[in-house]
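There are 2 protein chains.
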Amino acid sequence: MPYDKKLNQSQIAQTNKYNVFRCLIREGPINRAAIAKRMDLSIPTVMAIVDDLFKKKIVRSMGKGEFGVGKQPEILEIEPGRFFYIGADIGRGTIRIVVNNAAGGQIACMQEPTGDPFPEREFIGHVQKLILQFVEQHHIDAACILGAGIAMPGLIERETGKVIIAPDFGWKDIPLQDWLQEGTPYPVLVKNSTQALAVNESYIPGVDDVHTTFCVNLGYGIGAAIITGEELYDGAGGISGELGHCVVDRDGPLCKCGNIGCLESVASGEAITRQAQTIIAHHGSSMMTELCGGNAANIDARMVFDAANAGDGPALKIINTAAMYIGMAISMAVNIVDPDRVVICGGLIRNGPYFFEQIKAGMEEHLVAKSNRTLILSAGVNDEYSTAKGASRVFINTLWAQRALPI
Amino acid sequence: MPYDKKLNQSQIAQTNKYNVFRCLIREGPINRAAIAKRMDLSIPTVMAIVDDLFKKKIVRSMGKGEFGVGKQPEILEIEPGRFFYIGADIGRGTIRIVVNNAAGGQIACMQEPTGDPFPEREFIGHVQKLILQFVEQHHIDAACILGAGIAMPGLIERETGKVIIAPDFGWKDIPLQDWLQEGTPYPVLVKNSTQALAVNESYIPGVDDVHTTFCVNLGYGIGAAIITGEELYDGAGGISGELGHCVVDRDGPLCKCGNIGCLESVASGEAITRQAQTIIAHHGSSMMTELCGGNAANIDARMVFDAANAGDGPALKIINTAAMYIGMAISMAVNIVDPDRVVICGGLIRNGPYFFEQIKAGMEEHLVAKSNRTLILSAGVNDEYSTAKGASRVFINTLWAQRALPI
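From first to last, the protein sequence lines stand for chains A and G. So for the first sequence, the working numbering puts the first residue at 1; every next one is plus one. So for the second sequence, the working numbering puts the first residue at 1; every next one is plus one.
Any given hint could be a false lead.
Stated by the list, open to error - To spell it out: a stretch of chain G is covered by chain A in this simulated footprint if at least three of its residues, at any positions, have a beta carbon under 8 Å from a beta carbon of chain A; those stretches are:
1. 13-26
2. 227-235
3. 239-246
4. 252-263
5. 331-337
To be verified - Per label pair, the in silico range of CB-to-CB distance:
6. 300(A) - 381(G): 51 to 61 Å
7. 251(G) - 310(A): 28 to 38 Å
8. 250(A) - 158(G): 26 to 36 Å
9. 347(A) - 250(G): 21 to 31 Å
10. 381(G) - 107(A): 55 to 65 Å
11. 250(G) - 111(A): 34 to 44 Å
Simulated from the structure, these hints should not be mistaken for laboratory data. Even glycine gets a Cβ: it sits at the ideal position worked out from N, Cα and C.
Turn these sequences into a full structure, and let the hints steer you where they fit.
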């Protein structure tokens, strides 16, 4: 076993301060005595910490409570305007941005089309401008911004925030974090989109007792991420969760990654579209042919789902096969990682409950020791800002972990 | 984020004491000043802790050092006879037992055939007797024994040490830990064999900087385990690492688990043997036919490897296919978990380097982002006591983590 991290007096004080701050965020409005009881601290300790937070204008008074008789305790809450942090989701063709206040509340969000991601440097400059302008529009002093978490699809180098490869963008070796940082007056942290999404989806307010969440992101591509407790497990090199490149059909098609029969090559939004195109071009006897106006090039995954939901045989075959492979791949991940929650997110499962149910059946068919698990499989909250929110959460969690909040 | 564990003064003292004790184990013989420097503690703090360890007879003096001039510092080391802990590996047909002293040194080991594991209660009674007798033979006072870690193949309920199912033993719902504990004068802890093996194989003395080890156990069955840092990650329910039941061939044979085409059904020692039997029975034109004296029932996996190593075509085909599937399954685990070390252990890779090289090729063929990984794939130390040693290590690590050592 490695040595334990040495503890000292100042760490005790810091841990107490962070716990009081967190208690104000999570359980406020709250009074000093209640914080002391909840955090198992003495009242003088809590009083000293709260005094300090008052001095730094991080906490504010809501006046005396009105219940009961006798002297009423002062009710405290986080000063919401004291600092802010940002999350941005650089998606294919669209950027989504959220701004949160110190208490974790979302105060603004926006989305805007971004167009082609080339040349990369210009595209990134445009993204930066959108973020800076959005903050300005809300009259937030840049000095009050702690920083921004940025979600980007693809393999991201953990230490540098460099995009190693982003197949959906056609990017390779792009120093995204460095370029965004230049000219941004607060810290910027780049993270993989699915990892950001997972951090958001695994967060259930008030629930601390989930051991491990496995989050799957089904969209144009397929990704996944592992959360243990509320912490992202991103592997030795930051590139865990590559569920989309698990080989599920050795006789399958060539995948963009260069291998054969990866999950992504048979079950992603792109693969579903491609399979529909082939059917329309060769046979043409499907509802899908109508939906795309007879032109196979116009079909998209949503039309395939619409046709399947309406009972079209060829479309159902595509959807059922994709769901079976996704379920099988998830079963492998569950066999290996043994999570107690699997959350399925992404555009593909916004097409009605049928696909989710088929994925569940596929997973159960291939899973070992089914009856010995307390596994909850559910669809994610999965709104269009989930990834941006997750990116902001990744950023603020990093400050928490590094004890780098200005408190 | 959940609240941080509250820190207090006594935890500082305890952490310091455990670090000094660990420093004596890992870096002893060593003097007080060197401990203080290594652990970043004051000399009076180290002196007080060492005095206490002297009083408890946990540390002993080796006299004054002889180097240099002037006053020589006293050299200290762990008193090896002060306490002991046990590891046992309940394998198919054989039990292996090791005894370690306080400094982690192995002082004795033994193995003995155990015969059929029925009736379960009697078998477990026999195992208990063997452990108690072995300790007695070495004249170790039971009061000096901290406890025993027991490795058992199969699904083990983490909280109770109950065998949920052990297909190789034909056991189901056997309260192994409770039955062993009855009549044993020290604590007993039951853990899955592959997890115990992994804890041993991931331990590299002096190396703390491995992020995540994925350990694969290829034998009669196939298992795996994940170690992050030096800690076992055993999932939400204690049953992570079921690599053997990842589906690699949807058109494959029925697996013992009830599913179709699991890795174990096409690439385990048992599957290799079964495939060889079929070839011998149907064709008979292989070196394997000679090796088993023409009787397919006599063939075992070792003979298949012997034939393959001698260039026999049908045997090579079996071995190559098994290696390809194992490599493919490992690539999936690596895609999902992103470890920086993969260690392959177990009986199957004791049959020469060819199989290992084929597995490596199979893994590389199916892995995504090969060039962005710093992945080391190696064969384990993998001696016949590795699992028993791992079981002892699991036990002592638990005491460390719970701060339950008598120091």
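A quick look at each hint next to the structure:
1. Given a C-beta distance limit of less than 8 Å, the hint that chain A covers the segment 13-26 of chain G holds, as 6 residues qualify and 3 suffice.
2. A stretch counts as covered by a chain when three or more of its residues have a beta carbon under 8 Å from one of that chain; for the segment 227-235 of chain G and chain A the count is 6, and the coverage holds.
3. Figure legend: the segment 239-246 of chain G, annotated as covered by chain A; annotation consistent (7 residues with Cβ-Cβ distances under 8 Å, at least 3 required).
4. As drawn, the segment 252-263 of chain G meets chain A at 3 residues by the rule of a beta-carbon pair under 8 Å; at three or more, the given contact holds.
5. Only residues whose C-beta sits within less than 8 Å of a C-beta in chain A count toward coverage, and the segment 331-337 of chain G has 6 of them, enough to reach three; the restraint holds.
6. Between residue 300(A) and residue 381(G) the Cβ separation comes to about 54 Å, which falls inside the hinted range of 51 to 61 Å.
7. At roughly 32 Å, the beta-carbon separation of residue 251(G) and residue 310(A) lies within the given 28 to 38 Å, and the hint holds.
8. Judged by the Cβ atoms, the range 26 to 36 Å given for residue 250(A) and residue 158(G) holds: they are separated by roughly 35 Å.
9. Here the CB-CB span from residue 347(A) to residue 250(G) is close to 27 Å, well matched to the stated 21 to 31 Å.
10. Taking the beta carbon of each, residue 381(G) and residue 107(A) are about 56 Å apart, inside 55 to 65 Å as hinted.
11. For residue 250(G) and residue 111(A), the Cβ-Cβ distance of about 40 Å falls inside the hinted range of 34 to 44 Å, so the restraint holds.
The structure meets every hint from the earlier list without exception.
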